[in-house]
Every structure is written in C-alpha cells, then in structure tokens.
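Use the sequences and the hints to build the structure in full.
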Amino acid sequence: MSQSVSSRSYRVLRFRDFRVLWIAEALSQAGSQIQRVAIAWQVYELTHDAFKLGLLGLFRFIPILIFGIVGGVMADRGDLRRTLVWTQAVLLALALTLTILSGSGRITIWAIYAITMLAAVFEGISNPTRQALMPLLVPRSELPSASTMGVLVSHVSQVVGPAAGGLIIATLGTTGAYAVDALSFLAVIVAVLMMQQRPPPVAITMSGYQAAVEGLQFLRRTPTLFGVMLADFLATLFGACTTLMPIFADDVLGVGPRGLGFLLAAPAAGAVTMAIVMSITHLPDRAGLWVLASIVAYGS
Numbered sequence: 001m002s003q004s005v006s007s008r009s010y011r012v013l014r015f016r017d018f019r020v021l022w023i024a025e026a027l028s029q030a031g032s033q034i035q036r037v038a039i040a041w042q043v044y045e046l047t048h049d050a051f052k053l054g055l056l057g058l059f060r061f062i063p064i065l066i067f068g069i070v071g072g073v074m075a076d077r078g079d080l081r082r083t084l085v086w087t088q089a090v091l092l093a094l095a096l097t098l099t100i101l102s103g104s105g106r107i108t109i110w111a112i113y114a115i116t117m118l119a120a121v122f123e124g125i126s127n128p129t130r131q132a133l134m135p136l137l138v139p140r141s142e143l144p145s146a147s148t149m150g151v152l153v154s155h156v157s158q159v160v161g162p163a164a165g166g167l168i169i170a171t172l173g174t175t176g177a178y179a180v181d182a183l184s185f186l187a188v189i190v191a192v193l194m195m196q197q198r199p200p201p202v203a204i205t206m207s208g209y210q211a212a213v214e215g216l217q218f219l220r221r222t223p224t225l226f227g228v229m230l231a232d233f234l235a236t237l238f239g240a241c242t243t244l245m246p247i248f249a250d251d252v253l254g255v256g257p258r259g260l261g262f263l264l265a266a267p268a269a270g271a272v273t274m275a276i277v278m279s280i281t282h283l284p285d286r287a288g289l290w291v292l293a294s295i296v297a298y299g300s
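Counting from 1, one number per residue, gives the positions in the sequence shown under our numbering.
None of these hints come from the bench; they were simulated from the model.
Any given hint might turn out to be false.
[Said to hold, decoys possible] Label-pair restraints from in silico Cβ distances:
(1) T171 <-> I66: 15 to 25 Å
(2) G227 <-> I62: 16 to 26 Å
(3) A89 <-> Q217: 30 to 40 Å
(4) W110 <-> I66: 41 to 51 Å
(5) L46 <-> P267: 17 to 27 Å
(6) G254 <-> Q217: 49 to 59 Å
(7) A271 <-> W110: 40 to 50 Å
(8) T224 <-> V151: 15 to 25 Å
(9) L193 <-> V151: 23 to 33 Å
(10) V70 <-> G227: 19 to 29 Å
(11) S141 <-> T273: 43 to 53 Å
(12) R16 <-> D251: 48 to 58 Å
(13) W110 <-> V252: 26 to 36 Å
All values derive from a computational prediction rather than experimental measurement.
The beta carbon of each residue, even a glycine, is placed where N, CA and C say it ideally should be.
See below:
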C-alpha cells in the first residue's frame, strides 16, 4: 500500500466485476487467515511440540514456492475464470474436510499436515490467477487504483482475519473456524460465476517449461528486481517463526486462542500503520538500504 487509499482508488469499485471479486477476496483472505490461526492452535493442542508446530511453516512454504511458478505459467495460457473456480472448489473441499475431521474428533497431526500441503499447492496456483484476472476487470487507466485496493484487502485481512480467528476459536472452537473458512471460498466461487464472460488470454506458443525458464532468465537480467525478490524471500523464510506463536500465547502469556489471534494480527497492524505513514511522506534516499535495514530489524 505505497500510496494513500484516496477517493480515486475507491472509484475503481464502480466497475461491477471488480467490485464483486474485491468483496469476495476480502472475505476469502480473511477466511484463510482464520484457518491458519485455527490450524496452528490445534496442532499445538494436539502435540505441545515446538518442532511439529514449526513443520507447519515448512509444509506451507515449499508448495507455494514451487507451485507459484506453475500457477504463473497457467495464468498466462489458461481460462482464468475456470482456473480460479476449480482451485477455490478444491480449497473449499479441503476446508470442509478439516471441519468434519475436527468436529468428529478424528483430526490427527498428519491429516493437518497433508491438508496444509495440499492447500498450499492450490493457493500457489490460484494466487497468480487472481493477479492475472485484474487487468480484465478494469480499464488500463484504472490499474494503479485497482492494485492499491488489492493491497488494501491483503493488509486489512491480515489484521482482521487472525483477530477474528482467535475470537471464533474461543467461542466456537477450531471446527467453527474451519467452517467459516469454507464459506469464504464459496464467496469467491460465486463472485467469479457472477462475472460477465471474459475472453481467454491470447494463446502462447512457448511451452510451460520455456515460460518458467524465461521468467528466471529475466530475473537474472534484472539485478534490482532479483535483489528485491531475494530480500523478500529471506524475510518471508525467516519470518515464518510466527508459526510458533501458539507457544507464547499458551505457555508464556497464557492468553489462549483469543490472545493468539491478536498476537498474529499485530505485525500486520504495524505494516498497515507504516504503509499509511509512507503514503503521506517522501520515500527516503537510498531506499534499498532502508529495506535491508528493515528486514534486519524485523529479524532481531
């Protein structure tokens, strides 16, 4: 959210298809955050083992890293609406599976690991598809505003989702949290089906493998972009320590799932606050150095 969310940015919501998907995305991303709080809490309830809790981050990170590339290739050559519908349908089925297993008392740590990995695979495919769909929903002149509104949804969901997740777990249990997440995927499916028919992307003669290699070669030819992505990768990799937050919420602070939700929402709240500050101030000189310093400070 590098620019202020002004009235100009909100004006992009006058485009029906974008507005419908934007609202559904807000619900879906908040639902995904709710599910992550529930999974982390339930894993620690089942095991009280820091290592097994930490494996959650690994099982989520690797599939998204690999299948994010696959999803990018698919977004360049497939029917975006169809891809988004079937990936959300699979994610809905996985969320329902968690709901049933948790509600029946048959949930196991290995079932959670398997569902986490599968969900990460399909998230890796669906995320580039959502980003590729955006240019089809608004005129080219409105793309900056659409991008701003998209980032707004992401930041706000990372604040609201975990906080809501903690409250839901405290009142309805993890089963209720999984059910809410399942409904959030349904919102995206309905939104996509409500859209006007869009022509498929222009066919690309390059194979999927060639497209992936070309993307990596482009990164190598663009050192600035590569450096930014590498820094973000490292920050994300080592920032996965937040997966261990249930230990602090339960054993150290004794605040339970409600407190866990607020703990996980706090970093996103800080990010939103800083984004607002940056939107009304000038970018500092040597911005790259500031980015690296911020990553080091975050890790310390």
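Cβ separation of A271 and W110, checked against the hinted range 40 to 50 Å: Violated, since A271 and W110 (Cβ atoms, about 33 Å apart) do not stay within the stated range.
Has the hinted range 23 to 33 Å been met by the Cβ atoms of L193 and V151? holds, 25 Å
Consistency of beta-carbon spacing, Q217 to G254, with hint 49 to 59 Å: holds, 52 Å
Assessment of proposed distance window 16 to 26 Å (beta carbons of G227, I62): Hint holds: Cβ distance 23 Å, inside 16 to 26 Å.
Just tell me: holds or violated, for the beta carbon distance of V70 and G227 against 19 to 29 Å? holds, 24 Å
Cβ separation of A89 and Q217, checked against the hinted range 30 to 40 Å: For Q217 against A89, whose Cβ atoms are near 34 Å apart, the range 30 to 40 Å holds.
The hint says 48 to 58 Å between R16 and D251; measuring C-beta to C-beta, is that right? holds, 49 Å
Holds or violated: 17 to 27 Å for the Cβ distance of L46 and P267? Since the Cβ atoms of L46 and P267 sit about 25 Å apart, the hinted range of 17 to 27 Å holds.
Against the range 15 to 25 Å, how does the distance between the Cβ atoms of T171 and I66 compare: consistent or not? This hint is violated: roughly 37 Å between Cβ atoms.
Using the Cβ atoms, figure out if T224 sits within 15 to 25 Å of V151. The hint (15 to 25 Å, Cβ to Cβ) holds, given that T224 and V151 are roughly 20 Å apart.
Can you let me know if the beta-carbon spacing of W110 and I66 is within 41 to 51 Å? Violated, at about 21 Å.
Determine whether the Cβ-Cβ distance between W110 and V252 falls within the hinted range of 26 to 36 Å. holds, 27 Å
Against the hints set out earlier in the document, violations occur for numbers 1, 4, 7 and 11.
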